[in-house]
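Following the hints, position chain B against chain A.
Listed in order, the protein sequences are those of chains A and B.
Counting from 1, position 62 in the first sequence corresponds to residue 1054 in this note's numbering; the numbering is continuous, with no gaps.
Counting from 1, position 251 in the second sequence corresponds to residue 415 in this note's numbering; the numbering is continuous, with no gaps.
These aren't lab readings, by the way, just hints derived from the structure by calculation.
Only a predicted model underlies this, so the values are computations on that prediction, with no experimental measurement involved.
By construction, the Cβ of each residue, glycine as well, lies at the ideal position given by its N, Cα and C atoms.
Each hint can be trusted.
Heads up, incomplete: computed chain B residues facing chain A, CB under 8 Å, no partners named:
(1) Pro-346
(2) Ala-347
(3) Gln-356
(4) Lys-563
Below, a sample of chain A positions facing chain B; criterion: calculated Cβ distance under 10 Å:
(5) Ile-1009
(6) Glu-1110
(7) Asp-1119
(8) Val-1122
(9) Arg-1139
(10) Ser-1142
(11) Leu-1143
Non-contacting residues of chain A with respect to chain B, defined by C-beta distances greater than 10 Å in every case (computed):
(12) Gln-1087
(13) Leu-1097
(14) Pro-1107
(15) Glu-1196
(16) Leu-1199
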Amino acid sequence: MKQAKEPFQFVAASYLIRIRPERAHTLGEMARDLRTVSEASIFYHTFQSLEAHHYSAFSSDFAQWIMAACNEAALAERLAAVDLRDFVSLEDLRQALARRVEEHLKVIPRAADRPAFEPFHFCEAVDASVPLETRAQDLGELAEGIRHLSLQTLHHHFINSRLRLQLRTNDFSNWIVHNLGFNDLADKLNRIDFYNTSLDGLREQILQDLEPWMKQ
Amino acid sequence: MNLAPTTVVVRKASLQEYATVVGQPEIDEIRALGKRLAGRHVKMVNSTAVGGGVAEILNRLVPLMEETGVTPRWDVITGGEDFFTVTKAFHNALHGAPYDGPPEWLESFLSTNEENRRRMQFDEDFIVIHDPQPIGLINSRQPARGHWVWRCHIDLSRPNTTVWEFLRPFVERYDASLFSSPAFTYPSSIPQYLFSPSIDPLADKNRELEPEFVSGVLERFGINSRRPILTQISRFDRLKDPLGVIEAFRIVRKYSDCQLVLAGGGASDDPEGDAVLREVTEAAHGDPDIFILNLPPWSHLEINALQRASTIVIQKSLREGFGLTVAEALWKRKPVVASAVGGIPRQVIHKLTGMLVHSVEGCAYQIHYLLSHPEFARQLGENGREHVKENFLVTHNLKRYLLLFLILQQA
Chain A
993 MKQAKEPFQF VAASYLIRIR PERAHTLGEM ARDLRTVSEA SIFYHTFQSL
1043 EAHHYSAFSS DFAQWIMAAC NEAALAERLA AVDLRDFVSL EDLRQALARR
1093 VEEHLKVIPR AADRPAFEPF HFCEAVDASV PLETRAQDLG ELAEGIRHLS
1143 LQTLHHHFIN SRLRLQLRTN DFSNWIVHNL GFNDLADKLN RIDFYNTSLD
1193 GLREQILQDL EPWMKQ
Chain B
165 MNLAPTTVVV RKASLQEYAT VVGQPEIDEI RALGKRLAGR HVKMVNSTAV
215 GGGVAEILNR LVPLMEETGV TPRWDVITGG EDFFTVTKAF HNALHGAPYD
265 GPPEWLESFL STNEENRRRM QFDEDFIVIH DPQPIGLINS RQPARGHWVW
315 RCHIDLSRPN TTVWEFLRPF VERYDASLFS SPAFTYPSSI PQYLFSPSID
365 PLADKNRELE PEFVSGVLER FGINSRRPIL TQISRFDRLK DPLGVIEAFR
415 IVRKYSDCQL VLAGGGASDD PEGDAVLREV TEAAHGDPDI FILNLPPWSH
465 LEINALQRAS TIVIQKSLRE GFGLTVAEAL WKRKPVVASA VGGIPRQVIH
515 KLTGMLVHSV EGCAYQIHYL LSHPEFARQL GENGREHVKE NFLVTHNLKR
565 YLLLFLILQQ A
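So that you can see chain A by itself, here it is in the shape it has in the complex:
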């Protein structure tokens, strides 16, 4: 099995949710705050909140609130349809989200000031991670390590890492490209649909994709 130039370092990762001062009581306020809130908050309510949406209709906090608290189903669907994987910067993602809300309010201006059933509280994550003793020198060890990660750490390496890596890749793909040179495998992992699967399902998919490459 091909050996990596540098080992993959697994970490114990988790995050605290910091509650920000901004809160939107109407769609108009949501449009305003989407323009000004921190990038970390945009990231938190889109990428990071994916793991919290097993039971809700949409995989974005913004879409969920617009549906549940504002009863604006069409706008909720349009926001939920924003594909996070299309973006290579959080600023672009912010613009896309804000634009969709603003366009909706142009068509239905009265929706801007209608009080929501409950306010939207903007949050952001504060990460902390410490290295684990587990390291991977090849794909077999990477797979073994992934098998034994907690779900939150899997989320950290595969989804949260995109913030650090400018939304272009994830920790596993990044390591595979730079240390093993398996670009096709890295691309394949990076294209896994993390929207429509649980984190356990995501783990299974990663392991399944790694399997055929272990013989190389």
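Okay, now just chain B, sitting in the frame of chain A:
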């Protein structure tokens, strides 16, 4: 009156035992975080060692924390009846109730805090003060020494301004505050973090029980195991609306055969419990299908058995902190009908992990619906169990505290 603060010694629990519930990776990662804090000392302070959700959380969190390498200590402040009368009024006022306490009450609050403060040492690296009762201990803060955190378990979104303006200057001197829901917060100059409370799946209150034990408990209280059982577990407190539960029960019973269990006890920091218990007993009018059980604080196995024996668990609070009894019921796969107040909507996602209600009539309607649709009720219970497993177990809470300490340390 002895005002010496009490140090609570709690039974040691094994962190490793939780691997059977949350998986070995989660335990390994908690230990890895703990290693970074090895040798650090933590002090938790609250106002009661028994009764109520905070004491229950600390009772299990503290020994688990010790296993990670940090040295925790749990201290309980003490005070006389007058102090707890004031703090109960504060508690209700912070939940939005009117407040008309005389000026002496504020003096009593301050002097009891000061008495406790003088008797306590604060040499720890991290000091976590729970709720408003001991909030004045911040006066012991030394410059550049120790990190002070205020853990607020109650909803501050609509506080009575008199009480809040009195307490707020204390809060703003902490390094951070922790809330059970973003909706409980207020505009603040210090960082605010989301900290969900938690239940312990291996504690007597939540662990699996033998069916014989459950049926034995029902028998002991004279409850018929062959008829549907509706249960609300909570201390006898007007904010838990026990009278509203009785009213809802009477509406349901017109159409469905059922029994009602109202079970709970008092906490040592709640002087109103006896009066509320009398009101509830009067409202029941000796109805043989209403079981009012005033249980001592150590009745964890009995509470567990009553929840497991229930057909539906109710939590019809008017205001609520987080409402840990909801998480306990969900963990036991019970369909829950609960008010959409406080932290309950974070646990009960309407029609997915339970049913949210806003009135006595709504409560009765949803109970009747679930009694008539047992398969839907079963699915709610299954979803609820997963929701708690992912979010509200003591291991999550432990991990959050370790992270908080790391973040404060790095800052």
